[in-house]
Each structure stands twice: as C-alpha cells, then as structure tokens.
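Undergrad: Each protein sequence line maps, in turn, to chains R and C.
Using the working numbering, the first residue of the first sequence is number 12, and each one after it goes up by one.
Using the working numbering, the first residue of the second sequence is number 2, and each one after it goes up by one.
Derived from the structure by calculation, the hints contain no laboratory data.
The beta carbon of each residue, even a glycine, is placed where N, CA and C say it ideally should be.
Keep in mind that a hint or two might mislead.
What the hints assert, rightly or not - Straight-line Cα separation of at most 20 Å, EDC-like style, residue types lysine to aspartate or glutamate; simulated pairs:
hint	chain 1	residue 1	chain 2	residue 2
1	C	Lys127	C	Glu205
2	R	Lys195	C	Glu163
3	C	Lys155	R	Asp28
4	R	Lys183	C	Glu152
5	R	Lys195	C	Asp135
6	C	Lys222	C	Asp30
7	R	Lys183	R	Glu38
8	R	Lys183	C	Glu162
9	R	Lys62	R	Asp14
10	R	Lys195	C	Glu152
11	C	Lys222	R	Asp28
12	C	Lys159	R	Asp28
13	R	Lys183	C	Asp60
14	R	Lys195	C	Asp101
15	C	Lys67	C	Asp101
Said to hold, decoys possible - Away from chain R, derived, C-beta distances all over 12 Å, residues of chain C:
hint	residue
16	Arg48
17	Glu53
18	Asp64
19	Ile87
20	Ile133
21	Gly138
22	Gln246
23	Asp250
24	Ser255
25	Leu260
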Amino acid sequence: MFDYNFHWRPVLKSFPDLIQAGFVTLEIASLAMLLGIVIGLCLALMRINMKGPLKWFAVTWIEIARNTPALFQLFFFGFGLGAFGINLSPFTIILTGLSFNCAGYLAENFRGGFQAIPVMQINSARCLGMNSWQAYTRIVIPQVLRIVYYPITNQMVWAVLMSSLGMLVGFKELSGETQFFASKTFRVFEYFAVAAVIYYVIVKIVLGASRLLAMRLFRY
Amino acid sequence: MKKIITALLSIAALNSVTVTADTLDDVADRGTLRCGVVLDFPPIGYRDANNEPAGFDVDYCHDLAKSLEVDVKIMPLTWSERLPVIATGRADVVFGGTSDSLARARTVGFSIPYAIYYSQGVVNSKSNITSIDDIRGKRVAAALGTLPEQEWLKIAAKWGEENLYQSYQSENEVFLAVAQGKADIGLTTNTAIKPITQQYANLEAGPRMPWVADYTSIVGKRQDVTWLNYLNLFVTHQVRSGRYQELWDKYVGSDAPDLRIPGVMY
Chain R
12 MFDYNFHWRP
22 VLKSFPDLIQ
32 AGFVTLEIAS
42 LAMLLGIVIG
52 LCLALMRINM
62 KGPLKWFAVT
72 WIEIARNTPA
82 LFQLFFFGFG
92 LGAFGINLSP
102 FTIILTGLSF
112 NCAGYLAENF
122 RGGFQAIPVM
132 QINSARCLGM
142 NSWQAYTRIV
152 IPQVLRIVYY
162 PITNQMVWAV
172 LMSSLGMLVG
182 FKELSGETQF
192 FASKTFRVFE
202 YFAVAAVIYY
212 VIVKIVLGAS
222 RLLAMRLFRY
Chain C
2 MKKIITALLS
12 IAALNSVTVT
22 ADTLDDVADR
32 GTLRCGVVLD
42 FPPIGYRDAN
52 NEPAGFDVDY
62 CHDLAKSLEV
72 DVKIMPLTWS
82 ERLPVIATGR
92 ADVVFGGTSD
102 SLARARTVGF
112 SIPYAIYYSQ
122 GVVNSKSNIT
132 SIDDIRGKRV
142 AAALGTLPEQ
152 EWLKIAAKWG
162 EENLYQSYQS
172 ENEVFLAVAQ
182 GKADIGLTTN
192 TAIKPITQQY
202 ANLEAGPRMP
212 WVADYTSIVG
222 KRQDVTWLNY
232 LNLFVTHQVR
242 SGRYQELWDK
252 YVGSDAPDLR
262 IPGVMY
C-alpha cells in the first residue's frame, strides 16, 4: 500500500540549486556535443577516405563507442584509466566519456551524410579549380551538415539525458544534485519528479533552439 | 424504539472494534518479514564469499524475524532505495546504517538507535593526512547523500574547498577512488575501516572526523507507531540478551558502543 504524503515545500526551497545543476547538465552536454561533432566529422572522413591504420583507428573507435554501454565507457575513463595511474577529474571523465560516445554515433550519421552527396559534385568542384580542401569545406560539408542536422539534434538530446550517468563517477549534475537532496530529506519521489520535469524542459529548450536555428540556417 | 436502540448500540459496538491492521499484524499474518538491508556497508551489510547477504544488519533481520516467529525475506537495497521500499510498502523494515536525522524523520519513522558509528577517513598511504587540518587543499570523497558527505560539505564551505569534494554513488567507488589516487581521503564509518584497509594494500586508517556520532535507527513507516514501538522493544531486547554485543564483536571486533545518550532519557 502506498502510504505517503507528498511535501513539495522542501523541493521548492532547493529549486534554485536544482536549476543550477540543470545548467551544469546543459553545459556538459553542449561541450560534449561540440567535441563530438568535430571528432565525429574527422572519424567519418577517416573511415571513408583513408586506408590503413587511420581507417582502422576510426572503425575501432566507432565500433566501441556504439556497441558498448555508455556506462562502461564512463567507468573506463574513470576507474579503468585510474587503474593505470591516470586520474582524470570527474568533470574530465564525464566530458571525455560523453564526447567519445557522441563522436562514435555522430561519425556514422556523418558517413550517411557524406554518402548522400553525389561524387559528381566533388568532381565538378575540382573541375572549377577548387582544391580538395575547398571542395570539402565549401561544397560537401555544408550540405552534409544540412542532411545530418536533425540526427545531430537527436544526439544532443541523448547527450543531455546521458549526462545523468555523471553522478556515478563523482560528477554532480542534475541527477547527482537530486539524489543528494533526496537522500538528505528522504523526499525521494518529490525530488525525482521535479528533476524529471527539469530534464523535460531542458530537452524542450534544446529542441526549440535547434528548430529556430534551422529556420535561420535553412531559409533557402 | 427498542429496535432502534439495539441498532444504534450494535453500530457503536462495531465501531469500537474496528481497528486498522498495522505492519505488526500484516507480518504475523503473512508469516514473512520483508527486511531491507544495504549491502554496500561492510561489515554491517555486505555479500560474503558465496555472494550471499551477510553482516551485522543481516543478522539483525534474522533476529527480528525470529522474535516475530516468522520467516525472513532479505531485500538487498541501494542507499537511495531505502525510502521508496518503505513508502510503497515493499519492505516492512529497513536496516542499513540510516542516520536518524530530523529532516528524514519528517518522512519516515525511526526506532531508537540500534547502532552508533562515528565518521572516519580512509586515506591513500601517499597522502600524508594524519589530522583534520592536513585535509586542507586535498581531494575528499564520500558516498552521495551520506551523513559524512553532508557534514563534510559544511566544513568544506567554511574552508572554501567545495570544489575539491567528489561524491560517488556508493562507498565501494569511494574506496576505489582513494586507492587509485583520484581522491586523497574517503569519508566513511569507523566500522568499514578494518575490512577496507585489508582489501586495499595502499589504504590506511585516517583521522576521526570532528562531527557528532552517527546514530542509526531501524526504519519503518512513519504513521505506524505500533510497529515502531515493537522495533524499539526489539532493540532493547537485543542489548539485554547480549546479542548486540555478540554480533558487534563478530563483525566489528570490539566493544559495542553504549546506545545510551548521556543526559537523555528515552
């Protein structure tokens, strides 16, 4: 039998702290995504265009990032590297872990994007006198970013939600802060309900912002 | 008229015998005590070599069930599950180093204290920490939501060193972090020091923490006073029968702390 009376007042009192932690969540997810996009783009290009060790490096990264649980990856950067005497701060652990994971997923998105661009366009660009760098940065990548824009948004949502694993490696973001207060007062249901709402709002803001950005970027 | 009076009287009589069943009745009726324990707290709650729940708290579950003449179902819990299992009625009682803070007492019911701990640091042998002041400028770790964490954050705030504090999901990760050198000192309870320093070669017992002793109580439903009364009586019986000292000696290996609070009668 559920015999419990909800008290919302203590939760409202610590609401500013929870919001603060929400910003930490958003910050870590955004940084991880930025790194993930840059690395993912490189990995995709390495996988498509390179041969030998560089290609295999990219393939290995993508395979590991996509086929193992994100939690294991975090533990690897935390306690796994720690076993070899390499100690990263909790912030660095969650940032490297999330970026590693995001880069793997995004690389595959980018690969899909690159393959959607007809080879003819590159040939035409080269015929017009562009070198390879110019052809990629001016013709191919802008179109790829456009194609993979929505999958990237999806990954951003994923990064926000996955950052909650940070509390397992000692990083206090929204979930960690929630658990801290819940444990202090034992008002577990109230705190987690409010945290869920905050996560929802964060994701809504991310999606809204990306839609606005898309309207600006893809006007024509 | 007579009929009406009889009817009224019988209603009154019925009302007077209507009582709600409490947990004590439920457990006796069910024949099983559902007992939550935290197994992240050696040697009070842990898993033995056969991966079976063991420790001081687990034995207390068995003793409580025995006192009620029912079977026991041990429910392994994480720290944060302690409240939900009580609120939703999945467990009748929770043992598990639960500090009886007044903030928590507004949510759950506590028995009188059944075990007392004090907070102590476990340090990396390279950290050179022997006193509280040595901790200045060092990285401190504790388990999320525990009493050591809450007390330490007060000191850290005074020192302006909150950024050097790390909180982990469980005590096991705290010890691992200190052993690997991610943190210089882990805050835990005095009882955990012995098994942990035996498990990790580079961990040593650190200084005792300056805050008050950690009084821990058995957790039940706040509304269920009859059940909490029974638990109080159980705690006193464990002491009177010598079982408390016996189990403390078995798991912690020293004189059991006096459960009496000097100057307080309860």
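Undergrad: Hints first: check each against the structure and report whether it holds.
TA: Verification of the supplied hints:
Using a Cα cut-off of 20 Å, the hinted pair Lys127 of chain C and Glu205 of chain C holds, with the two alpha carbons roughly 10 Å apart. Restraint check for Lys195 of chain R and Glu163 of chain C: satisfied, since their Cα atoms lie roughly 18 Å apart, inside the 20 Å limit. Between Lys155 of chain C and Asp28 of chain R the CA atoms are separated by roughly 16 Å; this keeps the pair inside 20 Å, and the hint holds. For a cut-off of 20 Å, the pair hint linking Lys183 of chain R to Glu152 of chain C stands: about 17 Å separates their Cα positions.
With a CA separation close to 27 Å, the supplied pair Lys195 of chain R and Asp135 of chain C exceeds the 20 Å bound. Simply put, Lys222 of chain C and Asp30 of chain C have alpha-carbon atoms about 18 Å apart, close enough for the 20 Å limit, and the pair holds. The suggested pairing of Lys183 of chain R with Glu38 of chain R holds, with an alpha-carbon distance near 12 Å, which does not exceed 20 Å. This hinted pair checks out: Lys183 of chain R and Glu162 of chain C have alpha carbons roughly 15 Å apart, not beyond 20 Å.
Among the hinted pairs, Lys62 of chain R with Asp14 of chain R is inconsistent with the structure: their alpha-carbon atoms are about 64 Å apart, more than 20 Å. A C-alpha spacing of about 11 Å is found between Lys195 of chain R and Glu152 of chain C, which places the hinted pair at or below 20 Å, so the restraint holds. In summary, the hint linking Lys222 of chain C to Asp28 of chain R is not supported, as the alpha carbons are separated by about 29 Å, beyond the 20 Å threshold. For the proposed pair Lys159 of chain C and Asp28 of chain R, the alpha carbon gap of about 19 Å is at most 20 Å, so the pair holds.
Distance restraint check for Lys183 of chain R and Asp60 of chain C: the Cα-Cα separation of roughly 35 Å exceeds the 20 Å cut-off, and the hinted pair is therefore not satisfied. Restraint check for Lys195 of chain R and Asp101 of chain C: the C-alpha separation of about 11 Å stays at or below 20 Å, so the hint holds. Simply put, Lys67 of chain C and Asp101 of chain C have alpha-carbon atoms about 25 Å apart, too far for the 20 Å limit, and the pair is violated. With a least beta-carbon separation of about 19 Å from chain R, Arg48 of chain C lies farther than 12 Å from that chain, consistent with its non-interface assignment.
Even its closest Cβ contact with chain R, about 26 Å, leaves Glu53 of chain C beyond 12 Å, as expected for a residue assigned away from the interface. Distance to chain R confirms Asp64 of chain C as a non-interface residue, since its nearest Cβ pair spans about 25 Å, more than 12 Å. Against the 12 Å criterion, Ile87 of chain C falls within the reach of chain R, whose nearest CB is about 9 Å from its own CB. Taking the minimum C-beta to C-beta distance to chain R, about 22 Å, the non-interface status of Ile133 of chain C holds against the 12 Å cut.
Distance to chain R confirms Gly138 of chain C as a non-interface residue, since its nearest Cβ pair spans about 15 Å, more than 12 Å. Every Cβ of chain R is farther than 12 Å from the Cβ of Gln246 of chain C; the closest lies at roughly 30 Å, confirming the non-interface assignment. Listed as a non-interface residue, Asp250 of chain C keeps its Cβ farther than 12 Å from every Cβ of chain R; the least gap is roughly 31 Å. The claim that Ser255 of chain C lies off the interface holds: its Cβ sits roughly 28 Å from the closest Cβ of chain R, which is beyond the 12 Å cut-off.
Once the 12 Å rule is applied to beta carbons, Leu260 of chain C is consistent with being away from chain R; the minimum gap is 23 Å.
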